[in-house]
Amino acid sequence: MLKLCLRLLLLLAAASALTGAASAELAVKIGYLERVLPPPPVLSNLEEVPEDEGIAGVETALKENNTTGRFLKQKYTLEIRQVDEEGDFVAAARELLAVTPFIVVKAPAKDLVAIADLAEAGNGLLFNASERMIALRQEECRANVLHTIPSRAMLSDALAQLAGKKRWGRWALIEGAHDGDKAFSSAIEASAKKFGLKIVGKKTWAFDADMRRNAQQEVPLFTQELPDHDLLVIADERHDFGRYVMYNTRLPRPVAGSEGVAPAAWAASVEQHGAAQLQKRFREKHKRTMRPVDYAAWAAVRSIGEAVTRTNSGDLERIRDFMLSEKFSLAGFKGRKLTFRTWNGQLRQPIPLTHPRALVALAPLEGYLHQRNELDTLGIDERESACKAFGG
Amino acid sequence: MKPTALALAASLLATPAAADEIWVSNEKDDTISVIDVEKLEVVRTIPVGERPRGITFAIDHSVLFLCASDSDTVQVIDPDSGKVLHELPSGEDPEQFVLHPDNKHLYIANEDDAITTVVDVESRKVIAQIDVGIEPEGMAVSPDGKTVITTSETTNMAHWIDTSKQEIFANTLVDQRPRHAEFTHDGKELWVSAEIGGTISVFDTDTQTEKAKINFEIKGMHPDRVQPVGFKMTRDDKHVFVALGPSNHIAVVDRKTYKPVKYILVGRRVWHMTFDRDEKLLFTTNGVSGDVTVIDIENLNAIKSIKVGRFPWGAAWRPTK
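So the protein sequences, as listed, match chains X and Z. Counting in this note's numbering, the first sequence runs from 1 upward without gaps. Counting in this note's numbering, the second sequence runs from 1001 upward without gaps.
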């Protein structure tokens, strides 16, 4: 208790001895807008999707922003709106936009686009923290939307780089029946083409049986119809069936994609480059491991903090311009600075390829060169950009 | 357990021709590797607490202070016997520290707690805890002892602490992920490295304003991978040696013009370093390759690499004569 008092006193003293900051406190409000959807049904009962995925990342970052802000007289606060399946998302967005231009969004693409197109959002900056859809970075891009979650293209490119490096040149692909699975599957096919790998066979998982009981019988039969391959890639974004495929295949082959070696914005087994500290902070506060959407939400709020700190401003135009300039960089615990792509607002970032117990590789892998920035070997590069909203 | 004068004399007699030593903390082996500077090989391996990182000797070299980060303590070690004499309260997760010129106060960065802890090494008591930014790491003390610096990796600041009050009197922004700080020998400048920013900022000490920024460029390597971390300045004020992390190079910077004059290839993920007695040799810790590179200061080239434990982090020199 005495120690605490001492620390409080020191803190007060520190706050009163600031240099270089304006005398008035700069208040920055950050909105968090979520469409709360029930988790999709999956076969396994082992895991629960945490209800606070996303917002937990926001809270972690907000605390970091405020620690810096304490020394600079900048104060960050959070305003949350969570809308259920039937709720009025647009109305909630309007409420938030009335109090802050900066909104972190966890919602499906159609919700995101709907609010980006609101007249009120013309004076806003939205951060997509959950939607991996490639089109949102292409034809459906919006000048007022930045993406801190990697696109499916970035994820599948990361996997293709690993496979190329390992000389796993022939892929067999199993995709699930859901829209997300098909979208991931087509991203995987595009990445295979981009990096000169061959998809020798592809099947759709259409079982409705309970694989917890009979994977051992069914999966060898299912996979024996695939031609010989070096790597079995699974597109199963819900983590429904993929887990039962591993180690039950006809041929002994490594598995990657949604199971096995998985590319993601973040994973529990990322520990290098200071990541262990972020993991620990997160775990202590939220009593679970940090997931990709948590990371993307964290990166969004930290990006706002970084831009406010460096510009000493909460002004929307200045913040957006700064974020898209070369002066901006975010230390994202991935070994190199993170910046935004000026042609579609995507946060450039290394992609960890992990299994549950360790990092296998961090893409971009060595040897994948780029004339400007190796991080642009992942996802949509400027030449392929179909986004016009950023003046491209 | 205190070494008696007799035992001390005996140990000195036992190793009459002992050469000076470089002590290296091995973060992932929980050991210290002791390098003989004449043989340039490891002559002793000493088991220590968990995740040893910050390492420094008392000013008279009578004891070693070691941050055992995961043991949440600073260990005080007898350099002759290698035995832990006692432990100091350090706050949680001590990563790096700096010993005040009074040889009495240790300023410790508590990485997980956003605190700088001040410990009296004689009374073995915490005398102050100072709130700093997130993930404090770099620690420096001015030659006159009036100012201590803590840098915070995630807050991206150098915090200037008045040691007479144990209070922060200034905060200066630096580039992303500051890792290390050092005052020049005349105390007029503070240098701070920023790992992700890829720069070293030079501050004027009197005004706490930035007067120069040093950039690095290694041919054939993307600038994002050139990441300055630990560095050391020569006593003659000629050169500053800067570890460039995953680029596996040491930059040699002209201390006056702030320009890099040479890049020396060393081991992988070079992190910190120390000089020998006459500053003829520099020993760099290379985390990923698990070795120490020895650099000839006069010719500015690497002359040897010495295998040590897993993930060597810091290094400190000790005279034995």
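The hints are simulated quantities; they were obtained by calculation from the structure and are not laboratory data. Treat the hints with care, as some may be off.
[Unchecked claim] Pulled from the structure, derived: some chain Z residues nowhere near chain X, Cβ distances all over 12 Å:
| no. | residue |
| --- | --- |
| 1 | D1131 |
| 2 | E1137 |
| 3 | P1143 |
| 4 | S1152 |
| 5 | A1170 |
| 6 | R1225 |
| 7 | K1262 |
[Said to hold, decoys possible] Here are the simulated BS3-like cross-link-like pairs (lysine-lysine), alpha carbons at most 27 Å apart as the crow flies:
| no. | chain 1 | residue 1 | chain 2 | residue 2 |
| --- | --- | --- | --- | --- |
| 8 | Z | K1028 | X | K280 |
| 9 | X | K327 | Z | K1146 |
| 10 | Z | K1259 | X | K73 |
| 11 | Z | K1146 | X | K73 |
| 12 | X | K110 | X | K166 |
| 13 | X | K327 | Z | K1213 |
| 14 | Z | K1219 | Z | K1165 |
| 15 | X | K287 | Z | K1146 |
| 16 | X | K327 | Z | K1259 |
| 17 | Z | K1028 | X | K73 |
| 18 | X | K165 | Z | K1211 |
Keep in mind it's a predicted model, so treat the numbers as computed, not measured. Where a beta carbon is used, it is the ideal one built from N, C-alpha and C, also for glycine.
Q) Broken hints, numbered, in rising order? A) 1, 2, 4, 5, 6, 9, 10, 12, 14, 15, 17, 18
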